[in-house]
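Keeping their order, the protein sequence lines are chains A and B.
Residue 10 in my numbering sits at position 10 of the first sequence; the count goes up by one each step and never skips.
Residue 1162 in my numbering sits at position 162 of the second sequence; the count goes up by one each step and never skips.
What the hints contain is simulated information worked out from the structure, not anything from laboratory work.
Fair warning: this is a prediction, and the values are worked out from it, not measured in the lab.
Think of the CB as a built atom: it goes at the ideal place given N, C-alpha and C, for glycine as much as any other residue.
One thing to keep in mind: the hints can contain errors.
Pairwise CB distance ranges, derived in the manner of DEER restraints [said to hold, decoys possible]:
1) A:Gly33 <-> B:Asp1519: 23 to 31 Å
2) B:Pro1162 <-> A:Val175: 41 to 49 Å
3) A:Leu36 <-> B:Arg1083: 25 to 33 Å
Derived list of chain B stretches under chain A, where covered just means 3 residues or more per stretch with a C-beta under 8 Å from a C-beta of chain A [unchecked claim]:
4) 1147-1157
5) 1187-1196
6) 1508-1518
SDA-like mimics (lysine to any residue), calculated; alpha carbons at most 25 Å apart, straight line [to be verified]:
7) B:Lys1553 <-> A:Pro72
8) B:Lys1167 <-> A:Arg66
9) B:Lys1167 <-> A:Pro72
10) B:Lys1553 <-> A:Gln95
11) A:Lys172 <-> A:Asp205
12) B:Lys1611 <-> B:Gly1596
13) B:Lys1167 <-> A:Val98
14) B:Lys1552 <-> A:Ser100
15) B:Lys1619 <-> B:Ile1604
16) B:Lys1167 <-> A:Ile61
17) A:Lys69 <-> A:Val98
18) B:Lys1611 <-> B:Arg1627
19) B:Lys1552 <-> A:Arg66
20) B:Lys1167 <-> A:Ser54
21) B:Lys1553 <-> B:Ile1543
22) B:Lys1167 <-> A:Glu124
23) A:Lys69 <-> B:His1165
24) B:Lys1552 <-> A:Pro72
25) B:Lys1167 <-> A:Ser100
26) A:Lys69 <-> B:Ser1178
27) B:Lys1553 <-> A:Trp62
28) B:Lys1167 <-> A:Leu58
29) A:Lys69 <-> B:Ile1174
30) A:Lys69 <-> B:Asp1169
31) B:Lys1167 <-> A:Gln123
32) B:Lys1211 <-> B:Val1225
33) A:Lys172 <-> A:Arg293
34) B:Lys1552 <-> A:Val98
35) B:Lys1505 <-> A:Gly42
36) B:Lys1553 <-> A:Ser100
37) A:Lys69 <-> B:Arg1171
38) A:Lys69 <-> B:Val1172
39) A:Lys69 <-> B:Asp1160
40) A:Lys69 <-> B:Ile1550
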Amino acid sequence: MLDTLIRIEIPLTPAWRIGVTRPGVLLVGVLTGLWLAAFYSGNNLLYLCGAMLSALALTSIWQGVRLLKTVPPLAAAFPSSTEAGESYVLRAPLQHTVLSIGMVDVLWSGDDVDLPLQLRLEQEPLLTGRLRAEKRSLIHLHRQRLTTEAPLGLWRISRFRDEPRAWAVLPKAVVWAEAYSGGAQHTKYFEGDELRDLRAYVPGDALSRIHWRKAALEVNQWSVKQFEQHEHTGEARRLRVDLRLPQSAAEGSFEVLLGRAWYWVEAHLRGGEKRLEIVLGQQQFELTSVEQRSAFFMALAGASPQTLPPAGQNGLLLSLVEGP
Amino acid sequence: MSIARQYPARLILAERLTLAVLLSGVASLALSDFVSPVYWSMVVLISIVRLWRGTEFSLRELYASLIGWAGFLWVGLELFMGRAWIVAFTDFLLILSLAVVIEEATPRNHLHRMLVGFFLILGAAVLTDSVLYVLPLATFMWFVWRAAQCLYGMQLPGGDLPLSHWKHDLRVMIAMASVTGLLFMVLPRFDFHSYLKPVQPRMQTSGFSSKVQLGDFARNLDPTVVMRIEPIDGDIERFRKSMLGRYWRGTALNRYTGNGWEKSTEKWVQQRQAGRDVSFSSQSDGVRLALYREASDHAYIFTPNGVGKVMQLPAAVQAGDQGSLRFQSPPSRRMRILMQMADGKSGRPFLRPPLAEESSLRRIPQAVKNWAAATIGGAQRPSVKIDRLLTELKGWIYDLEARVDANRPVTSFMAIKRGHCELYATTLALAARTEGIPARVINGYSGGEWNEVGGFYLIRQQHAHSWVEAWVDGRWQRYDPTPSSRWQLSAIRFPALDEVWESVKLSWYRYVLEFQDSDRGQAIQSLLSLMKRYAWWFVLVSIAIAAVIILKKSSFRLPRWSWASGSFSLIDRWLIRRGVKRGLSQSLRHLPLPQGVVEREWQIFVLNWEKQAYGRGQKWSRGDLRRHLRALS
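Next comes chain B alone, as it looks inside the complex (with noise of 0.2 Å):
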């Protein structure tokens, strides 16, 4: 450590606030699942050592710049290891942040962190698609403008010159962040490469994979949000109904394994470019939605029963036979899905007729077929078969915690006949198979939230569900074999709050991080539709600005509101009910002796009245005049 030096007071106004702006960096990065905590809380913690100790907790400039060295070949070593680039750059960054927090004050320090802090900034803006970043990004933007103030007022002729005070700063925030947004709404997309595209961390599902376990997938509430939907145009109430209860289609299992499903090798149908549309119907209901699928481990695209038509793909995508629709690879952003609904009567088209495996008993439990048996009947028409079993299965009981032996887990299952959906399905597809029908587990969701603050559908990970297609009347047939009480259950503790949060959430993802060329269009649409319709409300508030700044510009000054003058209507109403009426600007002491009252307390009354009121003394609350007017009676 450096020997103790005395700072002028000015450069430790300087220290604090180059600090605060690397450290609004830091929070910038922090936000990002890919950066290790143990790196930023590192540099948040020598930056609240540096505020306490002062700048007298500091490293010669050479020392600090051994530290980014130190860094820097750390990093080498652990891209060597194999680690991500990009993490290890940002592991770069933060190391070299630790390093000019500790560096010496020096003019030449607080570029160095205003650099290292807009480095972090922008950083984060690949690494982070959280709507928080913006907090981060406001303060940074705060704090750069008081640092730079502050270096710039040092050291001039005739002494330091002061920060302006923080109001006016604030104004000039103001006017900064309608720029901002001004700038951020004008300035024309290129997007000519996706490397520097914000990444997020793929989410880690069960259930999407070619091998999946009976009880890997929807068994747990968890409430981390896998989708998004909301109506790209039109009428929100139309899509809501529209969208009601539809079924997100994933992934079809139709290779049963005795304790859970395989996937078939899926012939790819259709491949799409980015930018070209799948099409699945050639009707349209009119109800287009937009989706946005987070990043997540698989690449399967979630289709709505009654889907029309994909459009516009962001990414390249094939269409399997099986009725799968997905990314060539798995997507490590966010990506919005635009979507047409057809009318309803189409059905889902590439999907071929059953293959043998979607008919194979193999595998299948004694129970099961005994149990399909018993429960259908004498019925002959599939359809009817189907329709008992789902009307059993359908009677037993939803139980996400119900104890089921992972080794033989329908058999179980139909023991105790409680469970969840992965189980109930798998028993219909079993149980219609021991019956001659062909049919299969389909993974996906189902239901979804209805958000009313921002008229969106949010599916989380709790809507995970399985349900059965089976081979019925010549063609697939969805059938839900999980009893209702399933959508009761949810994790959300505060729907309300949660509600806002999401709205605010997509409102960033709609507005800010998938903002597109289309969108200025639309919003400038959108701002000559409003004007037309509140042209009035227009005019008449653009009248009453210019009037009041004609009024404020003239000599003409509004008439004050009088303390005394409020109060005289108390006085009134206490004089009425004693026989006194006063005139118009009549003062009180030229009336006459109100009934009941001693003369000589009225005087002092009024006297200390006029005086209160007109004088230099502390005015009366309307509570000390109820109580003087109370001592008069």
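Pulled out of the complex, with its shape left as it was, chain A reads as follows (with noise of 0.2 Å):
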């Protein structure tokens, strides 16, 4: 009984609907006895009662009402992508001022997906969430709910609104060396004297550039290091993916194919290239810009086979294609 009464939400306007928690039924209850003991009695210190707590449910829901029409923008503290299958800890600070405390938990739906959020409005307003996807894809979150059951815990009142959001969930990367992939026109075994990074050993490498000290150490897990020059050549580094799949080609490939352009980005942007360049099918991106690197995460989160070759010239090639 107490359950259905607590699953009751009333729609108060199309943006805004009310129920009640478990205190709060107990204060409708006690409402309702201390009304009619009143319109019984006509006793105006029971009314007084009856409008001091009647007040009071209402001031509630008035702070809870405002307490979500304050609530900030939530698109720029949401991550612009993650990773197929890799579960990401969201704790994102608001730049906001808050009216009001209170807690609002935050369901960002959008297309088959219903994202689960928390909104922490204190001092120091704080979204947090865990954010998983198994499968690349590009999720459109458009319409939130936004429900909070401050500042008393006796209602709980959701506001819908739309704030559209686009989700980048990109593949999972395929780790792969340039040198082993084939030798393209910018890949070295020495790219400069200045030991830059290490990463994990793909079969393929130069034994020259593993790390054997650490390798003494980590016996199942082979570094290689990574080296960089001084003064950069000034050449971009391109990467060209050819998205044409083959019909021959085995289920999963064009995912990986996906994954290793992902790998490439990721690894050279950790890398701190200044230049770089990916050819995604048709789109290219200069990744060196923040936006055109978030306009990549999206291509390629929603990257689907086509039948044209990569655009451009040059650079390293990546494809599923058989010959030119």
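Please assemble the complex out of the two chains, which come individually in their own frames, going by the hints.
Given below as structure tokens:
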């Protein structure tokens, strides 16, 4: 019975709904009894008590509504991309002045996805949640349901609002080495004289580049040294990804292809590459630009097999198609 | 007692807040005279210990519930012994409070405390009508808000939420109080039954029973309020003058017993149900009044001389042929009685001609007979006889402390010629009878205090009075033999404060306890008339508020008062005295050297002045500035 009552939601307007919590059910019961006693008796002090408790209930609704109205846009705090199969712990502070303190449950709905988040409104508002998608996809989130029980935990007030946000679920990175992958023009065994980073060993890496001192400590996981030159040549690194999928391609090979492309981008971005370009099918992205990088994430997350070869020339080619 | 446990700070805060909720309820119930102080003081005491010792002073929920069950059995026993059910119920609530105060600090305990606190507040709504009730009600509202907020913010993902700042909550409280007032006024009154009406202890009075001993009544200067009388509408000054010196008639006593009076059986000539009127006269002088009668152990309604009509009776009443008007049973709560005054010429109807016992000479002391004969002399007309007796009695001394023999009070009074109003009235009534004039003693109230703050009359127990009605010229006429010095006595220590306090109490009765549907219409009408009267002010204030809001939202900033510019006026006056006139916005360093000032010192002064005025250092006060200028001179 109580659970049924708690599940009831009364629409106030198309964008607002209200329901009661367990303590709220108690309050409604008490208020009902109190008003019945007041109407029955005409006792003005009971009227005063009833008016006071009703005012408390109404004010808590008003405060809850006010809190939900002041919830800032959340898109800016939402990550532009996550990796498929990986859990992303969202913990993003919001630059927002808080008028009321409370906890807001956010349910951000999109294409077949309901993403639960929590917004903690206090001195430093914080958006938290756990993001995880199993498959690469471009998810369009658009409608938010903001629900709060603040400030007294008596009412569950919900507000619906539209805030579009694309969530790029990137493919799982597939580790590979440029040298192993086919020796493109820019691939060099000796990239520079400055140790830049370590990466995991993949078959085909030159033995001279294995970090043997580290390998002595971690027998099961070898690392490969990556170098860079002090002075960059000024030439952009480029990867061209051929999105054509041959009939004979094995299942999942397209995802592996995209995973490799993502790995290439990630590795070079982490390496602090000054100029980085990628051609994804017919689209070209200058990855050192933030906007272009975001656009690339979206394109990668939403990529599907195409019939045309990759645009442009030069650069490392990543393709499932044999021959030219 | 349970083993001491570590409680999180937030739980301890919640524990204190819920305890405050409960104590607000206890405080409200403690206002009722029906509640034994033993019970509520026990709860307060245990609460203090709990606050002092913290949560380690607690009982497990099971043991605490045993206290509740013991209270239940105890109350059953109380009922069995004949205690009033409402009192037994409040006793039970207070024992339950004791149990939840001492109960272990758990989320369920918080709920228990808030619920019991709520029931205590509701119990108090029935058992008290004190204006002070508003205080625990306000604290209850405040602490319920804070406690609920505290409990809501506990154990959330990511840790407890902090409580909002009390200033923020204060604004919420103001909003809540406004909504409370609005709902209270707007919601309709139904009044299906009166079981849950607030009750008050019946005031114990003497003088209105069927048998009264001389000395029972009007002997003490008791400041307890008996009734408050305010005008319903019209001119307050006219009302004040109209009601000045009225006699508020209660009961007629017509059988002298030797040391007191008895009331003969009264024939009820009119009976009226609640909501009806009792009409004494068809004439009206336009003065209408509302009388707030405190609950008393008698059923009489005091009506002033010249009353024309008693309107919209709050309960069934009956009117007797001796002029009494009373409820069928003494009401246990305050009642609002509406009256309309007659034009002053009309007499009181229903008064039958004298009975034989109103002329009876039984038990009249010989001293009275002798005194009456001597005082009246050869007068023949009854009115002259009475006037002579009155004149003589008014020359005696009014004395509440006079030592009068209780067995033969009238003889004793005549011997010492000092006493209180009952003795004066009795002596006149008996003396009139010895001269063949039917007479009786009337007990009621006279005079009263005019409250300037609230614009109403207040009648206290110290205004209790006895006077005489004598059958003269074919009708009952009122005679008051008591010397006028009686009205100079009062037991009020701080009259100014008392006026304000009584005014607050009447407002509480008028606008809260006795608020009715009809008052809502009046309130709206008053509001409309107020708006009409001050329409221009409303418009101007609205424009001003709108302007302030617009300015606030725009980037415009009002020029701030500058300390430096404020101090320049002082320096300018000083400079003028030394022959230098500073131009507008001219800085001190560009001024010529003032007369009689050493150049080096002037430069240092200017430097220091600029440093403190425009730098980050502490600003000079005007006193500092004066001191520096004096040093230059």
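Exercise. Are the Cα atoms of B:Lys1167 and A:Val98 separated by 25 Å or less?
Worked result: 15 Å, holds
Exercise. Are 3 or more residues of the stretch 1187-1196 of chain B near chain A, judged by a Cβ distance of less than 8 Å?
Worked result: Coverage by chain A holds here, the residue count being 9 at a Cβ distance below 8 Å.
For this session: Starting from A:Lys172, check that the Cα of A:Asp205 is at most 25 Å away, please.
Result: Holds, because 21 Å separates the two Cα atoms, which is no more than 25 Å.
For this session: Take a quick look at whether B:Lys1611 and B:Arg1627 sit within 25 Å of each other, Cα to Cα.
Result: Since the Cα atoms of B:Lys1611 and B:Arg1627 sit roughly 17 Å apart, the hinted pair holds (cutoff 25 Å).
Problem set entry | Restraint status (C-alpha distance of B:Lys1167 to A:Ser54 at most 25 Å) | Holds, at about 22 Å.
Problem set entry | A:Lys172 paired with A:Arg293 [C-alpha distance capped at 25 Å] | Holds, at roughly 17 Å.
Problem set entry | Pairwise hint evaluation, B:Ser1178 against A:Lys69, where the allowed Cα distance is 25 Å at most | At roughly 23 Å apart (the allowed maximum being 25 Å), B:Ser1178 and A:Lys69 satisfy the hint.
Exercise. Would the pair B:Lys1553 and A:Trp62 pass a check requiring their Cα atoms to be no farther apart than 25 Å?
Worked result: 23 Å, holds
For this session: Sort out whether B:Asp1169 lies within 25 Å of A:Lys69, counting only the CA atoms.
Result: Within the cut-off at roughly 19 Å; holds.
For this session: Decide if the proposed pair is consistent with the structure: A:Lys69 and A:Val98, CA atoms, cutoff 25 Å inclusive.
Result: 11 Å, holds
Exercise. Can the restraint linking A:Lys69 and B:Ile1550 be considered satisfied, given a maximum Cα separation of 25 Å?
Worked result: Roughly 22 Å separates the two Cα atoms, so the pair holds.
For this session: Check whether three or more residues of the stretch 1147-1157 of chain B sit with their beta carbon closer than 8 Å to a beta carbon of chain A.
Result: holds (count 7)
The structure meets every hint from the earlier list without exception.
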